[in-house]
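Number of protein chains: 2
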Amino acid sequence: MRRSSKWLYLAALALTPILTTAAVDNKDVIDYRQHIMSTLNEQAGALGEILSSAIPDDNVVAHLDALALTASTALKAFEPKVPGGEAKPEVWSNWAEFSKRMNEFAAMTAKMAKTAHEDGKDAALGQVVDALSCKGCHDTYRKEQAKK
Amino acid sequence: MRRSSKWLYLAALALTPILTTAAVDNKDVIDYRQHIMSTLNEQAGALGEILSSAIPDDNVVAHLDALALTASTALKAFEPKVPGGEAKPEVWSNWAEFSKRMNEFAAMTAKMAKTAHEDGKDAALGQVVDALSCKGCHDTYRKEQAKK
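So the sequences go chain by chain: A and B. Mapped onto our numbering, the consecutive letters of the first sequence carry residue numbers 240 to 387. Mapped onto our numbering, the consecutive letters of the second sequence carry residue numbers 240 to 387.
There could be a bad hint or two in this list.
[As the list claims (entries may be wrong)] Calculated lysine-lysine pairs in the DSSO-like style (CA-CA distance at most 27 angstroms, straight line):
(1) B:Lys339 to A:Lys315
(2) A:Lys360 to B:Lys374
(3) A:Lys353 to B:Lys353
(4) A:Lys350 to B:Lys353
(5) A:Lys266 to B:Lys350
(6) A:Lys374 to B:Lys374
(7) B:Lys266 to A:Lys350
(8) B:Lys339 to B:Lys374
[To be verified] Label pairs and their calculated CB-CB ranges:
(9) B:Lys360 to A:Gly323: 25 to 31 angstroms
(10) B:Glu318 to A:Glu325: 30 to 36 angstroms
(11) A:Lys374 to B:Glu357: 38 to 44 angstroms
(12) A:His356 to B:Glu325: 28 to 34 angstroms
(13) A:Asp361 to B:Lys382: 26 to 32 angstroms
(14) A:Ser332 to B:His377: 38 to 44 angstroms
(15) B:Leu290 to A:Glu325: 34 to 40 angstroms
(16) A:Ser332 to B:Asp297: 35 to 41 angstroms
(17) B:Ala293 to A:Ala346: 43 to 49 angstroms
(18) B:Ser292 to A:Glu325: 34 to 40 angstroms
For the record, the hints were derived by calculation from the structure and aren't laboratory data. Ideal Cβ positions, reconstructed from N, Cα and C, are used throughout, including at glycine.
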């Protein structure tokens, strides 16, 4: 083994635990934000079934509250700069724009939930199209992957 | 065509729209409860990552609130007696026991969220094991399917 190769080999060995730990941490970060975005997707799906009258609207205020709560947690989950999963690198290269849109999303879903409590669910549902304009952001920041 | 066959054929034709509608409705019902149970799964996953210290606990109270809210919607989603998806028939054949456990789940997650607001997140997290004893019910009432 040439001297330079030997040093590379030893350096790689020494770094292995660090690299492994970093990989686990990155997986945790990606998993965490996916838990949050999947929650939004599931709650939007439930709401969509109510809006299309396929399902009675008994739970609609709880769905609006859950959407608002979860939207309020989403930006924090993207703060660690860990590309991967379905997040495009633009999340971090356009962070100012991304975080502005995430904050708007949180504000609009919070307003919709507040409207539901103060003025009733019908008034709130009039805000759905503006509040849940998911595609606008996903087109820029999400690379959808096939479900595992 | 024999007379009886002809009547069967006409009856089947006449029933086709009804049967098709029923099938769509059943799919909607199953999808809806899966949106709710998947939300619980995603939020429990996010909470688990915080409990294992893989992720900082900034969002923990929001996760507890989202769990409580979603738990409060779950029983309603199983009220239509529509077997399928991951629900075992025991959900409906043991409805009294199933609904009792679902109501306990909603009450315990609500108590945990209330504790988080009144006594802080550390006090609330002490209730996680009792509140999120998902496996106890899943062993009896859920037939897990491979992800699509």
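Hint by hint, here is what the structure shows:
Between Lys339 of chain B and Lys315 of chain A, the direct Cα distance comes to roughly 36 angstroms. Violation of the 27 angstroms bound is thereby established for this hinted pair. Distance restraint check for Lys360 of chain A and Lys374 of chain B: the Cα-Cα separation of roughly 34 angstroms exceeds the 27 angstroms cut-off, and the hinted pair is therefore not satisfied. For the proposed pair Lys353 of chain A and Lys353 of chain B, the alpha carbon gap of about 20 angstroms is at most 27 angstroms, so the pair holds. Among the hinted pairs, Lys350 of chain A with Lys353 of chain B is consistent with the structure: their alpha-carbon atoms are about 23 angstroms apart, no more than 27 angstroms.
Between the alpha carbons of Lys266 of chain A and Lys350 of chain B the distance comes to roughly 32 angstroms, so the proposed pair goes past 27 angstroms and is violated. For the hint linking Lys374 of chain A to Lys374 of chain B, the alpha-carbon distance of about 35 angstroms lies beyond 27 angstroms, and the restraint is violated. Of the supplied pair hints, the one linking Lys266 of chain B and Lys350 of chain A is violated, its CA atoms being roughly 32 angstroms apart against a limit of 27 angstroms. Of the supplied pair hints, the one linking Lys339 of chain B and Lys374 of chain B holds, its CA atoms being roughly 16 angstroms apart against a limit of 27 angstroms.
Taken as a hint, the range 25 to 31 angstroms holds for the pair Lys360 of chain B and Gly323 of chain A, whose Cβ atoms sit roughly 28 angstroms apart. Hint check: Glu318 of chain B to Glu325 of chain A, Cβ distance near 34 angstroms, so the stated range 30 to 36 angstroms holds. Take Lys374 of chain A and Glu357 of chain B: their Cβ atoms lie about 39 angstroms apart, and the range 38 to 44 angstroms holds. Our hint of 28 to 34 angstroms for His356 of chain A and Glu325 of chain B holds, since their Cβ atoms are close to 33 angstroms apart.
In this structure the supplied range 26 to 32 angstroms is violated for Asp361 of chain A paired with Lys382 of chain B, their Cβ-Cβ distance being about 38 angstroms. Remark: the range hint 38 to 44 angstroms for Ser332 of chain A to His377 of chain B is upheld by a beta-carbon distance near 42 angstroms. Judged by the Cβ atoms, the range 34 to 40 angstroms given for Leu290 of chain B and Glu325 of chain A is violated: they are separated by roughly 25 angstroms. Against the hinted window of 35 to 41 angstroms, the Cβ-Cβ separation of Ser332 of chain A and Asp297 of chain B comes to about 24 angstroms, which falls outside the hint.
The hint said 43 to 49 angstroms for the Cβ distance between Ala293 of chain B and Ala346 of chain A, and at roughly 29 angstroms that hint is violated. Under the hint 34 to 40 angstroms, the C-beta atoms of Ser292 of chain B and Glu325 of chain A, about 25 angstroms apart, miss the expected range.
Going down the numbered hints, you'll see the structure goes against 1, 2, 5, 6, 7, 13, 15, 16, 17 and 18, while the others check out.
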